[in-house]
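As they're listed, the protein sequences go chains A and B. Its first residue numbered 17, the first sequence is counted upward by one per residue in the numbering used here. Its first residue numbered 7, the second sequence is counted upward by one per residue in the numbering used here.
Mixed in with the good hints there might be a few duds.
[Claimed, not checked] Selected chain B positions facing chain A (Cβ under 7 Å, derived; list incomplete):
(1) Met261
(2) Leu286
(3) Leu290
[Stated by the list, open to error] Computed footprint of chain B on chain A; a stretch qualifies when at least three of its residues, placed anywhere within it, have a C-beta under 8 Å from a C-beta of chain B:
(4) 64-78
(5) 101-114
(6) 138-148
(7) 180-188
Hints were generated in silico from the structure; no laboratory data involved. Just so it is clear, the structure is predicted and the values come from calculations on it, not from any experiment. The beta carbon of each residue, even a glycine, is placed where N, CA and C say it ideally should be.
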Amino acid sequence: MSERTEIRNAVPAETPGALQAETAGAVQAETAGTVSEEWTPRIIAFLCNWCSYAGADLAGTSRIQYPPSIRVIRVPCSGRVNPQYIIKALADGADGVMVSGCHPGDCHYLEGNYYARRRFSVLKRLLSLAGFHPDRVQFTWVSASEGAKFADVVATVTEKVRVLGPSKVRASKHWESDSRAAGPGDSEQSERKEGE
Amino acid sequence: MDRNTGNTKQSGANCGTGVDCEKHSDMNFGSGVDYESQARRLKGTAAKLLKEGTVTAVMGLRENEEAGQPTPCFARTPEDAENLVWNEACFTNLANYLMETAGKVAIAAKPCDVRSIINLLSENQLKRENFTIIGMECSGKIKDGKLAPGCDACPSSIPNLYDIAIGADGSEAWKDLEMANTAENVTEWAKTTTVDERYERFMKEIDKCILCFACRQACQGCYCVTCFIDRKATPWEQVDADTSTKMAFHLTRAMHLAGRCTDCGACEKVCPSGVNLKYLFKGLSEFIEETYGFKAGVDPEAVPVMSRYSVDDPQVAFLGGDCIVGL
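Kindly produce the complete structure, drawing on both the sequences and the hints.
Quick look at the structure:
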């Protein structure tokens, strides 16, 4: 932990611009548990179509910079995010997961995010009990008008995951021998061949 | 050692894990229950119900030499009722079978079975008028010479919903026996461990799993016609026998059982490779009781906790909000 604490201290305050200099091409994930300055986590972001996705769009059209760490998956509502998606992402080696939806009370479907809020609270406790650091899974509310907040949130989440280092699932001894390491596409193709 | 005086209570060290401690090896659980009288009364009650035609079948357990333990059986005639047994090895949760039976039936149910039945009633999976509950008083069953999984967390020896009562001595009166109550408090355990330690424990259990899905089959809450793990509708739902799948299966199942697990321990009892992941379920139950004030298997009229919400739900575990108990 001491090593990680040093890195945490070495990083400037959580500003949206702190990681701007990094580009996706220059970044390679570390295989071991060490965190290098260049490493950028891979974060799966589930964004609600009506608020957070539009917020991300606004951040883009406003040319606000944020770290290139998120892989966005657009969903109709934060209530549509099946906990299985989040578990699956983590079990398959994502460094972090972020879910963002409309503010409570603002849901396009009136109550989707209320259900989601309860579900995510329970899910976060479950993941914590199973040994996934709570900082790896982040839930937040970003509205369509909050482009700057979206950039801020991504920077914060990225930094929180970055100090934790690469996913423990990827670093485990199982990872190399498991077929999943080869990528989901490969085994799918082989299954198809067998079927033919 | 006199098991009825409670002297053994002082002998053991404080038990955190619920297994292999002095307290458990010393104490003979299931004490205070007269199984012979209970079995006699059960047979009599079953024969009477079948004779009267109140029910078409009585669900219970019968001796099965091949299996080495009592297995579920349906007594359909008064003569069949003689096959029913009731002893310290009768730990199978029969609630599952209620959903698959047509017509009026009676079920011999322990407190854990009744909690499961209540959970199924609250989820509209059962109709109360279709079955008669023969409540069996129970202070814990024995499996492999130890208290069976789940029995260490059982709150009471009396079923909280029943039509016919069979007390510990075979009479109609409950004796309200003392329970073991030695199960670990998972929230307390989590507070005193690091994420790495918790991950290690999880991985240790996952490693043993052979993905046979026996835990799912035995679970009262896992009644989906098509389980998520069998669906394989999209490429990302593929099931390879690897660590990722095991993780996804057990975590998703725990999530599906959140606020629905009645702590009957059936998953652990049937596991062929000794996977002990019940602590995840128990931890979630503790969290839900603390945060939303809901306990599964108590009120058959209650709306399940995960299918409702409150506008005032605490904003926990969210970015910028308070992360509960700093786990």
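To see whether the hints hold, each was checked on the structure:
Evaluation of the Met261/B hint against chain A yields a held restraint, the C-beta minimum of about 5 Å falling below 7 Å. For Leu286/B, the shortest C-beta to C-beta distance to chain A is roughly 6 Å, which falls under 7 Å, so the interface hint holds. Using the Cβ-Cβ criterion of 7 Å, the hint placing Leu290/B at the interface with chain A is satisfied: the shortest such distance is roughly 6 Å. Under a criterion of three residues with beta carbons nearer than 8 Å to beta carbons of chain B, the stated coverage of the stretch 64-78 of chain A fails, only 0 such residues being counted.
Look at the stretch 101-114 of chain A against chain B: 6 of its residues bring a Cβ nearer than 8 Å to a Cβ of that chain, three or more, so the hint holds. Counting residues of the stretch 138-148 of chain A whose C-beta lies closer than 8 Å to any C-beta of chain B gives 11; at least three are required, and the coverage claim holds. Counting residues of the stretch 180-188 of chain A whose CB falls under 8 Å from any CB of chain B gives 3; the rule of at least 3 is met.
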